[in-house]
Amino acid sequence: MVARQGKIKQTLWVLFVPSLSPLRKPFLLWHKDLKTHKMLAIDPAKKLSFNRSISNGDLVIVYERHDNMKAITVSEASVLQNRFGVFKHSDWIGKPFGSKVFSNKGGFVYLLAPTAELWTLVLSHRTQILYIADISFVVMYLEIVPGCLVLESGTGSGSLTTSLARAVAPTGHVYTFDFHEQRAGSARDDFERTGLSSLVTVGVRDIQGEGFPDEFTGMADAVFLDLPQPWLTIPSAAKMLKQDGTLCSFSPCIEQVQRSSEVLRTSFTDIRTFEVLLRTYEVREEKLQNIQGNGDGFNGSLPCKRKQCSDGGNVITSPISSVVARPCGEARGHTGYLTFARLKCLL
Amino acid sequence: MTPLALKYSTLRVEGRAAAWEYPNLCCRREREREREAKMCGRSRVTWEGCSVLLDINDGDRLVFARLSPAAKLKIGNKNCSLQPLIGRAFGTLFQVETAPEGPFLSPAQVNPEELRDAEVNAESRDNRALLDNNTAQSLTGEDIETMRRQGARGNEIVEALIANSATFEKKTSFSQEKYRLKKQKKYAPKVLMRRPAARSICEAYFKKYPSKIGFLRVDTLSLLLSMANVSSNFDVLVVDMVGGLLTGAVAERLGGTGFVCNSYFGQAPYSMDIVRIFNLSDEIFKRILRSPISDLLTQNESPEQILKHDACNVESQSNDQISASASMEELSHSSENGISDLGADITEPAIEVRKAPKAGERAQKEIINSWKENGFSSLIIAAPELDTWTLVRDLLPLLANSAPFAIYHQYLQPLATCMHNLQLGKMAIGLQITEPWLREYQVLPSRTHPCMQMSAFGGYILSGTKICST
Chain X
1 MVARQGKIKQ
11 TLWVLFVPSL
21 SPLRKPFLLW
31 HKDLKTHKML
41 AIDPAKKLSF
51 NRSISNGDLV
61 IVYERHDNMK
71 AITVSEASVL
81 QNRFGVFKHS
91 DWIGKPFGSK
101 VFSNKGGFVY
111 LLAPTAELWT
121 LVLSHRTQIL
131 YIADISFVVM
141 YLEIVPGCLV
151 LESGTGSGSL
161 TTSLARAVAP
171 TGHVYTFDFH
181 EQRAGSARDD
191 FERTGLSSLV
201 TVGVRDIQGE
211 GFPDEFTGMA
221 DAVFLDLPQP
231 WLTIPSAAKM
241 LKQDGTLCSF
251 SPCIEQVQRS
261 SEVLRTSFTD
271 IRTFEVLLRT
281 YEVREEKLQN
291 IQGNGDGFNG
301 SLPCKRKQCS
311 DGGNVITSPI
321 SSVVARPCGE
331 ARGHTGYLTF
341 ARLKCLL
Chain H
1 MTPLALKYST
11 LRVEGRAAAW
21 EYPNLCCRRE
31 REREREAKMC
41 GRSRVTWEGC
51 SVLLDINDGD
61 RLVFARLSPA
71 AKLKIGNKNC
81 SLQPLIGRAF
91 GTLFQVETAP
101 EGPFLSPAQV
111 NPEELRDAEV
121 NAESRDNRAL
131 LDNNTAQSLT
141 GEDIETMRRQ
151 GARGNEIVEA
161 LIANSATFEK
171 KTSFSQEKYR
181 LKKQKKYAPK
191 VLMRRPAARS
201 ICEAYFKKYP
211 SKIGFLRVDT
221 LSLLLSMANV
231 SSNFDVLVVD
241 MVGGLLTGAV
251 AERLGGTGFV
261 CNSYFGQAPY
271 SMDIVRIFNL
281 SDEIFKRILR
291 SPISDLLTQN
301 ESPEQILKHD
311 ACNVESQSND
321 QISASASMEE
331 LSHSSENGIS
341 DLGADITEPA
351 IEVRKAPKAG
361 ERAQKEIINS
371 WKENGFSSLI
381 IAAPELDTWT
391 LVRDLLPLLA
401 NSAPFAIYHQ
411 YLQPLATCMH
421 NLQLGKMAIG
431 LQITEPWLRE
441 YQVLPSRTHP
451 CMQMSAFGGY
461 ILSGTKICST
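One line per chain: the protein sequences are X and H, in this order. Per the working numbering, the first sequence starts with residue 1, numbered consecutively. Per the working numbering, the second sequence starts with residue 1, numbered consecutively.
Each hint should be verified, as a subset may be incorrect.
Here are the simulated DSBU-like pairs of lysine-lysine, each with C-alpha atoms no more than 30 Å apart in a straight line [claimed, not checked]: (1) X:K344 / X:K239; (2) X:K344 / H:K426; (3) H:K183 / H:K72; (4) H:K183 / X:K105; (5) H:K72 / H:K190; (6) H:K183 / X:K88; (7) X:K242 / H:K190; (8) H:K185 / X:K344; (9) X:K100 / H:K185; (10) H:K78 / H:K170; (11) H:K426 / X:K242.
Everything labelled a hint here was simulated from the structure, so no lab data went into it. Note that this is a predicted model, so its numbers are computed, not measured.
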């Protein structure tokens, strides 16, 4: 990565300059970037395929376990060190994505191509982030499709932004704003790393205080708000939206929802609030003890199963294994409320 | 009498004004469509031949219709032409108005909303004195009929009903609001013209005909698309036994890039009727291809085999034509028995079968070979009627390495078995079975709580990432 010394102060005109401008990155490096594997196949030639192998400069997700992953940019001379040993990046180059690779001690990890979902699991948390259930629902409910122009505030750690970018690609654009300059800078670095810079522009602006920039008036297909006082921004959001455009506000507290909904009523319709959660399941093969005899009079509560042998009518006495599933004991109980609305059609 | 007559003339002027405006709107529409051509034909304004979702009385009745000057829809006991809906913005609310020529749909203003917090807290009325003895309303059915004949608007009838209700003033403001809403639905039905998109189509089917989409709820559908990483330029393999909802939703996300390969077992493709309801541009329709799974599984052929295959292809193409015309019939038939109308009481088929855009042409050899060579970028299965494990076992090798997949099922066990087998076979990692949970809230001043009714179940998803076989 090129260290961006002397960060350009983000002024509004920057919003319309492609962020991969040669001014900001040496052309050679920019050219190289086009060849390396990033998150989206904006160019169809770069999509995932049997023949696509890992090369120097690619972003890979190193998978140890479903709850332990890490994003790494492959660099020939580097190594990855973890509890399984030392992995040389040079061993990875030329291997297909999805390969199992080994350390000096024989430990292994998998190398995966990055996706928005995997990125959400590995990104560095600079703020609280949105997870897959909320993200998926937001994208679908805001009716975001390729070509849309989407406004977002705040950017936070860019978890939702990454999925928004995927949804508007290849022709749309996401303009995302955060009032925290350093955070915006880190997000910008992340979007370059994931190859989304041509789809996302990060602006530094206090949207709650100043509203969205006037340049976007009547241009947005969708607006997403994740702000402490979203009701302050709703009038500005209404101004930015196209006719029948959609808005979503994410708030952890019901009081925020209450105030937002009251303000929404003046220029929005179809105002609906949802909560979406996921329950995950554990699957395992259990050896279930069989009960001997024909079970007459047996009234126990032990897990029991009986099965007829195929060769006769005898009752099997050895344990029977079967695949069983149950919900995981712990789950996220609350993330936030999602309030959706649609700009009223004026006659 | 005089004020009513006056109202007539203004109505007619309004009607004419709309007609005058129309060519103008057409131009605007054309421009808009051109400008938004890149956005999968996501025009803000409707056009002739456009598919719309008509939401009557806040979801009481949902009708998918294709707009044409001849199309008619029965609302209450009135038959209304859908002509006035052409060239209007999606999201426009219409109301049934009466004119000498008959009832017609006219754009209506959205009602400014209701109660203030203060009013609610100051509420002192209650229902202790209300008696349900059917004498509160002094207006008779005949009175209302007379008003109608004299050309009274729906809202005027509602006001008259309120004015003649002996108990209205004694009701709490909440129940006054409920009363007004109930009367409005009956005497002044509202029709909201919605854009048919994956969200609204899924919600409409889930509400009225969930079995036709395999009980796939909108949040579950959204998760399938995310988990399978559906993004531009991807070649997505789908097994869609949910009426084409999944295929349409994927195509919408691809926006005219990449391909959706709608695959099927045996000779007959699964129904894809719902795809037609989406307003997908031709560019997007062209990206939906069909292929029997057997064609995808065979090895790349020697020249001789290709020759043989070609002969088959000719045959199957004629088969395709047959099945295409069959599905046309099916659609017109289905609109008769009310699939297009997701309410209950339609008499006139709202969907006119006109030349539907081509979707789901059979995938040609070249593209199939390229899929075999490169692998699909992701896989989504919603096939409640097929054995999940054998299906996944056969289809997974068609995926590029590191490609994600998502499998929907309304039962847990087939997914659990499949997940277990994938683990044993070391075919995939990041395996997870999830069940989404969705709760809607009523948010009103001093009356916020979860909705009284909710969907208790939206299905299960098995997701994971394919890894290289060693």
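Okay, the hints, checked on the actual structure:
Taking the CA atoms of X:K344 and X:K239, the gap is about 11 Å. The hint holds against a cut of 30 Å. This hinted pair does not check out: X:K344 and H:K426 have alpha carbons roughly 52 Å apart, beyond 30 Å. For a cut-off of 30 Å, the pair hint linking H:K183 to H:K72 stands: about 24 Å separates their Cα positions. As the CA atoms of H:K183 and X:K105 are separated by approximately 77 Å, the hinted pair breaks the 30 Å bound.
Using a Cα cut-off of 30 Å, the hinted pair H:K72 and H:K190 holds, with the two alpha carbons roughly 16 Å apart. A hinted pair counts as satisfied when its Cα atoms are at most 30 Å apart, and H:K183 with X:K88 does not qualify at roughly 74 Å. Between X:K242 and H:K190, the direct Cα distance comes to roughly 23 Å. Compliance with the 30 Å bound is thereby established for this hinted pair. For a cut-off of 30 Å, the pair hint linking H:K185 to X:K344 stands: about 20 Å separates their Cα positions.
For the suggested pair X:K100 and H:K185, the alpha carbons sit about 62 Å apart, so the restraint of at most 30 Å is broken. Restraint check: the Cα-Cα separation between H:K78 and H:K170 comes to about 34 Å, which exceeds 30 Å; the hinted pair is violated. The hinted pair formed by H:K426 and X:K242 fails the criterion: a straight-line CA distance of about 49 Å is larger than 30 Å.
The structure is inconsistent with the numbered hints 2, 4, 6, 9, 10 and 11, although it conforms to all the rest.
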